Amino acid sequence: MRSEPIAPAPPIFAVSGLTKVYRTGDVEVRALNGVDLTLEAGEMTVMLGPSGSGKSTLLNIVGGLDRPTEGSVKFRGMELSGASDRQLTAFRRDHVGFVFQFYNLIPSLTAWENVALITEVAANPMAPGDALALVGLESRMSHFPAQLSGGEQQRVAIARAIAKRPDVLLCDEPTGALDSATGIIVLEALARVNEETGATTAIITHNAGIRKIAHRVFSFLDGRIASCEVNETRVKPSEVSW
Amino acid sequence: MISLSMLDRKLVRDLARLWAQSLAIALVMACGVMTLILAMGATRALEDTRAAFYDRTRFGDVFATATRAPESLKAEIAAIDGVSAVETRIVNPVILEITGMAEPATGMLISIPDHGEPAVNRLYLRSGRLPEPGRPDEAAIIEAFAEAHGFQPGDSFGVLINGRKRQLTVTGITLSPEYVYAIGPGDMVPDQKRFGVIHMHRAVLEGAYDMKGAFNNVSLTLSRNADKDEVMARLDSLLKPHGGTGAYDRKDHMSDAFLDTELTQLRGMAQVIPPIFLFISAFLVNMILSRLIALEREQIGLLKAVGYSNLTIAWHYAKLTLMISIVGVAIGAVAGTWLGQGMAALYGEFYSFPFLVFSQKPDLYAISMLVTFAAALAGAANAISGAVRLPPAVAMRPPAPTGYHSLFSGSSQGFRLPFSQLTIMALRHLVRWPLRTALTTLGTALPVALLITSLFAFDSVDHMIDTVWFRADRQDATLTFAAQASEDAIRDVSRLPGVMAAEPFRAEAATLRHGHRSRTIQILASDPDTDISRVLDRKFGAIRLPPAGLLLSDRLAEHLGLKPGDQVEVELSDGQGRRVLVPLVGLTNSYVGLTAHMSREALDRLSGQGVRISGARVLVDDSRLRELYDEVKRTPAIASVALQGVSRERFQAVIEENIGISITIYVSLAVIITFGVIYNSARIQLSERARELASLRVFGFTNAEVSRVLLTELGVMVVLAQPLGWLIGRGFAELVAKGFESDLFRIPLIINPPTYAVSSLVVLGAALVSALIVRRRVDRLDLIRVLKTRD
Chain Y
-9 MRSEPIAPAP PIFAVSGLTK VYRTGDVEVR ALNGVDLTLE AGEMTVMLGP SGSGKSTLLN
51 IVGGLDRPTE GSVKFRGMEL SGASDRQLTA FRRDHVGFVF QFYNLIPSLT AWENVALITE
111 VAANPMAPGD ALALVGLESR MSHFPAQLSG GEQQRVAIAR AIAKRPDVLL CDEPTGALDS
171 ATGIIVLEAL ARVNEETGAT TAIITHNAGI RKIAHRVFSF LDGRIASCEV NETRVKPSEV
231 SW
Chain V
127 MISLSMLDRK LVRDLARLWA QSLAIALVMA CGVMTLILAM GATRALEDTR AAFYDRTRFG
187 DVFATATRAP ESLKAEIAAI DGVSAVETRI VNPVILEITG MAEPATGMLI SIPDHGEPAV
247 NRLYLRSGRL PEPGRPDEAA IIEAFAEAHG FQPGDSFGVL INGRKRQLTV TGITLSPEYV
307 YAIGPGDMVP DQKRFGVIHM HRAVLEGAYD MKGAFNNVSL TLSRNADKDE VMARLDSLLK
367 PHGGTGAYDR KDHMSDAFLD TELTQLRGMA QVIPPIFLFI SAFLVNMILS RLIALEREQI
427 GLLKAVGYSN LTIAWHYAKL TLMISIVGVA IGAVAGTWLG QGMAALYGEF YSFPFLVFSQ
487 KPDLYAISML VTFAAALAGA ANAISGAVRL PPAVAMRPPA PTGYHSLFSG SSQGFRLPFS
547 QLTIMALRHL VRWPLRTALT TLGTALPVAL LITSLFAFDS VDHMIDTVWF RADRQDATLT
607 FAAQASEDAI RDVSRLPGVM AAEPFRAEAA TLRHGHRSRT IQILASDPDT DISRVLDRKF
667 GAIRLPPAGL LLSDRLAEHL GLKPGDQVEV ELSDGQGRRV LVPLVGLTNS YVGLTAHMSR
727 EALDRLSGQG VRISGARVLV DDSRLRELYD EVKRTPAIAS VALQGVSRER FQAVIEENIG
787 ISITIYVSLA VIITFGVIYN SARIQLSERA RELASLRVFG FTNAEVSRVL LTELGVMVVL
847 AQPLGWLIGR GFAELVAKGF ESDLFRIPLI INPPTYAVSS LVVLGAALVS ALIVRRRVDR
907 LDLIRVLKTR D
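Chains as they are written, first to last, in our numbering: chain Y, -9 to 232; chain V, 127 to 917.
So here's chain Y without its partners, still in its complex pose:
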């Protein structure tokens, strides 16, 4: 496992002064309040914080699902904050892999087909079978989501996310719906993918136990980054517990 970030390369993401304000009627919620950060190529980060601290909002904006109220998000120098719907769709399609707490698999497609769904429209994908093998599911390819356990479903979601060889893999509470043993298997899959594909990986969690597997850890509080720590020595997911 690499222990140092790759220094000379420019950052994948450069976020500065990012603010997001939600308005519902007269109520104004400041979900992000001036966030600055960079994500480097190939690094694995963990974003920690209680619910409502702004980490998911940041991930949505970085992933091209939402737009900031103020501030700038640059992906390899390209400004995302002013991009059109069409440009954001293309950005997600070409560069981002998502993993969610509730997997978001298509129930009418098998594991293999859920991955193929994405590889069919990707420019330079790996074979769906290879992606599934990477997460240890080569024997479950023709199963439907309803026939898979939660952990298996999440690994299919990871295979689906990485099969297009994304530049960045965004995971929102990937272990949130899983018990700890299954959660560790999923984290191992993520670490392995990060290692083997070099995709910049960001994992959102409110589970502090996970922090040790990352290169860097950002802690969120009230829409700001309260701290950023660098793990000089990372641990393997199997050594994590919660």
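It should be emphasised that the hints constitute simulated quantities derived from the structure, not laboratory data.
Please read all numbers here as calculations on a predicted model, not as lab measurements.
The C-beta atom is built at its ideal place from N, Cα and C for all residues, glycine as well.
One or more of the hints may lead you astray.
Chain V side only, calculated, beta carbon under 10 Å to chain Y, not exhaustive [said to hold, decoys possible]:
no.: 1; residue: G427
no.: 2; residue: L428
no.: 3; residue: A431
no.: 4; residue: L548
no.: 5; residue: M551
no.: 6; residue: A552
no.: 7; residue: L553
no.: 8; residue: R817
no.: 9; residue: F827
no.: 10; residue: D905
no.: 11; residue: L913
Starting from the structure of chain Y, add chain V where the hints point.
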């Protein structure tokens, strides 16, 4: 302010939220209610009015004509067991001369007793008075004819009675039960301007036609338990020596038969169309309610957990169903009443009744409401019972994930169908809910069928016009002589102004018998190489009339149980009683009436009276029509003239107007059903798959790609619905054509490819618009919210 229970508030808000889907269902229900009220209301209006009018005017039960029967026969007819009243009359067709009208009109002169009212077929006096005895130039005329010409009591017009022109003064405007639907000779639809019924005193007509102490027409009413067939047989035997042409009853009476056809059509409409709409609305209610209950599963669990009874919850959803139904019934009742009044007004134009009121009795509305409620609740039952059966603890947990079958892909390694994963998603969803897919497909097929059922009339009528007027009876006019003439008369006809060609014909009433079956009809005889008016075989080819033997229309042959090669016994109604066996040499095609054809030579031989002709069919130079009309009106030897060209134009005009109205109605109905089915289907799909579709958007699929999943699924059902719709439509059309079939006429079942195409295009168009309305919602999917929630 009314205070609603909390559940009722939820109900009101649910309805407000589901307004578009609810309205789409309510509109489908409204169509059912509307057609039910319209068809049943019109049926009742016609049935009740007809019964009352017939009763009041003592419309006959049995009718017969003769050439000349002595009045003394009347007592013998009255003595037949079962006869309650007899009226003998003199009835003759005449040519009318009306100022300002070039073409000759035809009139039917009918005698009324010199004193007192007729015992049978009384007149209903609209205005003025009946003619007074001793005033030979007074006449009462029927209302439709009077209105067409603006005649009022005191006005006058010319008529050629037995060759002599007389000026008649109108004394009164009447309605007759015999001419509720007044069709002139050679016409297929009423032409009020060219056909009039004129009632004059018996004494006047006896003098004019040299019929003192004689009659040529008789009508009977029967007592309640009379054996009608027996009466008709006895009447036939009494009239036979006097040229009797065979008794017939009401169902073969032209005017009543047309009324019956209309009633058959209305009853068919009441029986077929409302159930289609009710079935579809039941299905739609089921679809929307099942989805609502699935979405509210956890709410239902909670309600049960806090102590709401199953009954309360069932009633809550039943109320939602009933609210939608009430809106549907209300819209349908208003539309049905409004259209019903329009329909009654339309009937007013075609049928001469003293009154015709569209029935608006409350029971009709009550029935419509009850059947609609019943259909809606039947549709809701399954969904509601699902809600009732849910144990509260289970309800509060999310439902088990939906299992699918690995159709459309094969194994991940082996053979694969060339479908993208997006297409496979759509197809698997279709197969996962086969009943719903089948019903949605059927629901989309039914409007296609409905359109074919209404549009096919265009094709059939076109075909009829082509067959009747362009292949068979191609003459511009048919002249019928006052009395049969020698063959020389054809030369006189040829010399009439404007006549370019003339062909003679002979017509003889005759009774045909085969075994115990018999029919009295008219045998029409022409020259073998007749070209103006031709006899068509069943493949619409012209037949050269054989030198011997008889050709019958297939329906007549069927009545008599005859097939080509059989011998049929023919007895001409000339009073001689001679019976001759004649071979049936072929079957012919006929859409109007029961027909029998022979060559003139054969009929002349059969009659034993030498060569006689009854009239001529002529082709006329259009530019000299006026001269011909003038000449015909001055020619006593010509008793009547039927103008085929004018008949055809009138027929086309009437049919096109009627078809125009019905097409507007049916296209609207079809569009409403399609919208109801497709819009609801798409909304349900979108609701069920919002999470999947939003996920696809998150993964970088465009709105167009995501919509494709939705549209593929709808598209497959809509496309499958087309051939199914054609098939059902053809079946319906066949039923309609069968329903119309009578001895008087039949409608051929002709459905041309453009009819299938147009029906499909209307439904495809409506489906596309409905789907695109829902498609816009894909653009508004909330991508972030679905990622944070479970299914």
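Hint by hint, here is what the structure shows:
no., hint, result
1, G427, "violated (20 Å)"
2, L428, "violated (22 Å)"
3, A431, "violated (24 Å)"
4, L548, "holds (7 Å)"
5, M551, "holds (5 Å)"
6, A552, "holds (9 Å)"
7, L553, "holds (9 Å)"
8, R817, "holds (7 Å)"
9, F827, "holds (7 Å)"
10, D905, "holds (9 Å)"
11, L913, "holds (5 Å)"
Checked against the numbered hints above, the structure breaks hints 1, 2, 3 and satisfies the rest.
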